[in-house]
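Based on the hints, put chain B in the right spot on chain A.
Sequence lines, in order, name chains A and B. Residue numbers for the first sequence follow my numbering, beginning at -19 and rising by one. Residue numbers for the second sequence follow my numbering, beginning at -19 and rising by one.
Simulated from the structure, these hints should not be mistaken for laboratory data. Among the clues, some could well be false.
The list treats identical chains as interchangeable, and a pair is accepted whether it falls inside one copy or across any two copies.
[As the list claims (entries may be wrong)] Below are the DMTMM-like pairs computed for lysine to aspartate or glutamate, each with C-alpha atoms no more than 25 Å apart in a straight line: (1) Lys166 with Glu225; (2) Lys(-18) with Asp313; (3) Lys(-15) with Asp313; (4) Lys245 with Glu8.
Note that the structure is a prediction, hence the values are computed from the model and not measured.
There are 2 protein chains.
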Amino acid sequence: MKPIKAGLLGLGTVGAGTYHVLQRNQEEIRRRAGRGIEVSMVAVRNVERARKIINSGIVGSEVEVVADPFAVVNNPDIDIVVELIGGYDLTRELVLQAIANGKHVVTANKALLALHGNEIFEAAQAKGVMVAFEAAVAGGIPIIKALREGLSANRIESVAGIINGTTNFILSEMRDKGLDFNTVLKQAQELGYAEADPTFDIEGVDAAHKLTIMSAIAFGIPVQFGSAHIEGISQLQAVDLRYAEQLGYRIKLLGITRRTTVDGKEGIELRVHPTLVPGARLIANVEGAMNAVLVQADAVGATLYYGKGAGAEPTASAVIADLIDVTRLATADPYSRVPHLAFQPTELADVPILPMDEIRTSYYLRVTVQDQLGVMADLTRILADAGISIDAVLQKEPGEKARTDIVIITHQTREKYVNAAIAKIESLATTVGKVVRIRLESLG
Amino acid sequence: MKPIKAGLLGLGTVGAGTYHVLQRNQEEIRRRAGRGIEVSMVAVRNVERARKIINSGIVGSEVEVVADPFAVVNNPDIDIVVELIGGYDLTRELVLQAIANGKHVVTANKALLALHGNEIFEAAQAKGVMVAFEAAVAGGIPIIKALREGLSANRIESVAGIINGTTNFILSEMRDKGLDFNTVLKQAQELGYAEADPTFDIEGVDAAHKLTIMSAIAFGIPVQFGSAHIEGISQLQAVDLRYAEQLGYRIKLLGITRRTTVDGKEGIELRVHPTLVPGARLIANVEGAMNAVLVQADAVGATLYYGKGAGAEPTASAVIADLIDVTRLATADPYSRVPHLAFQPTELADVPILPMDEIRTSYYLRVTVQDQLGVMADLTRILADAGISIDAVLQKEPGEKARTDIVIITHQTREKYVNAAIAKIESLATTVGKVVRIRLESLG
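So here's chain A without its partners, still in its complex pose (with noise of 0.2 Å):
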């Protein structure tokens, strides 16, 4: 059989991996889907860099490599489109103008799908072709696969990650060495960890994307990037994750989507944010700049995906699984490929996201007050006349004279009600400074 005839766009650390992995694994790959996989032509804007990396690989004559990428979108000998530049603006008119052309799309682009998902998809379906993704999420963990199709016999619950393996590798070196998050960002950024620009990562607006696409797939809804709240982890303080740990937590960055009821109406938490979770739990002691993923879903429980979420051959992997993938579903019927976001594009759900004074979930909360009698029962009554149950406390000398860090976990309530007693808290005449307050999730 012919090989199918891919164009990249885009030659950087993905592309690059990508094309160095097809080359290497080209027998292997071969002999699983059947046919050759081939790179034919290439977009870059340095044409003769890219010619280096190209004729460093075992076969790279027979690649046209251009600076338009155009030209490889409009160019009727290629079969597939593969996407690696990034961003959103230039990308969405190449991918748009290659589904135009009837080709299908591999893209690894999270913001790009992130944020003009719902357009991208309704073309692609309209002109009958595939756009595959699973480089968008978790690197090479097969994530949207699991999701997407391992999954398909439940009603899927929930879905927490760590998808951002900078913030991760930064949270895991700022509890092993007591360092505080400047430091050890400085450190990431010269280990190449994070880059220079590190404010989409430690923001939360990487995993934002990555949370925004899984929502979609896990509960059949649009993809709402909009509606995501976002935390990053540039305020996370070192004595707090001193104290998470003393209680028997970790603070992870997290992703979390969830089916909720709120008085008696269904809704979809979508929400980056640290988070305390429990030690014994497998994701709490996923450490580094590795990601992983927690499902639960009704008939199969909870299961867990764990692998590097970044890097070029990581993410080459998912990108030329989709390669297989669509190349052996091109010949399907349409309408019975894998449908991009999990459901049929006429059956999406129509349920809110939530608010996040609508959501629940437990709290971490530090409290520095004078230390005076009766301060604990200030806090203590507040918290009771909010009807919020306290599950654990923690008195700690802080190291500054007269001043005591009381920290309280709650058992879980409303996102409105403990912001509202941490005002009432943050009067009282003994606290000194603004309460901490970091949400925590039991993943049981």
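Positioned in the frame of chain A, the structure of chain B alone reads:
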């Protein structure tokens, strides 16, 4: 679109689970698959009991219940036969007959596929039908899909899994409570975690069935159950779990399959046995009846898949995912479907399974010795002469006077060298009884 019609063979734990999940989640499944999946016929030994199970469902009146499984297999209205009977004589006949009748087959039967997989897949290939078996390995964890599709870009290097819940439950309890094997087995039987005749589980046969299937898929070789090395946990002593713990390891029953090179020739290791694993590894922390599979592959690196490996609904989750996949791929060009053993049938490799003498791993050795000068020197001399280097030594008084337990962790070596060294150690006048030898994998 018309619902697809499935015929169920067997309505035991997994059969009833499959029936119930298909009923409960029929809307969710239809929204995903684009068409309904309907159980229209069930074959069971006890027709009355089956009617009760079916009538307890939401809709069930249209299900025909028969005593003769061949009536399902030969019914022209059935699209997919779901074999959930177990055993490998009658089921072999039924599955081959279903294939001959041009029906797709979904099965949870690991024994059947480990023993007769090659014959069955060949028949299916010739007839252009699919045999799907996600439920045969690790219950609800979509590990077949991950190995066969999710990691299809990779050269897979090794698979190591906790793939039998009964034995993992027993080992967790032995470690937790310091109890011996027989005591815990009895408790496990009372709790329903072990069967009345637990031989297949505790002696590693069930794990070897599953490992055989994963090995074939990972490396593109035929199923070769007859060449698997199988050791269970019934001979494990509580003292060795304790010593392992003191050295920083846990003992798990692992199924391990790995590419290797011996004397310049390619070979594949295929073995189930108790294994020491460093306590810090995620897989070492998989407790109770849970399953986990760790895959090493060249592009993606290490990935791990965790979840429930047995039970009515976790297994049903996998059975139904297969039903949906088969429904979907039924419309694809047969050549483009996912090959049964991951690689195209003409592309299976002829790499031999290695005899145990040739495998390379590390070892835990416990030698009980008479407390005498020079004993340690004798032991270490024997190992050094055999070219085996030592990673750690632990010396313990087992409580009997004038005796000492010497525990040695070796670096990697070939099994035949260790066995030869053990024979020499056992022939020493100072050695009491047999040397306990447990393999160790760093899984790094």
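So which of those numbered hints doesn't the model satisfy? No numbers; nothing is violated.
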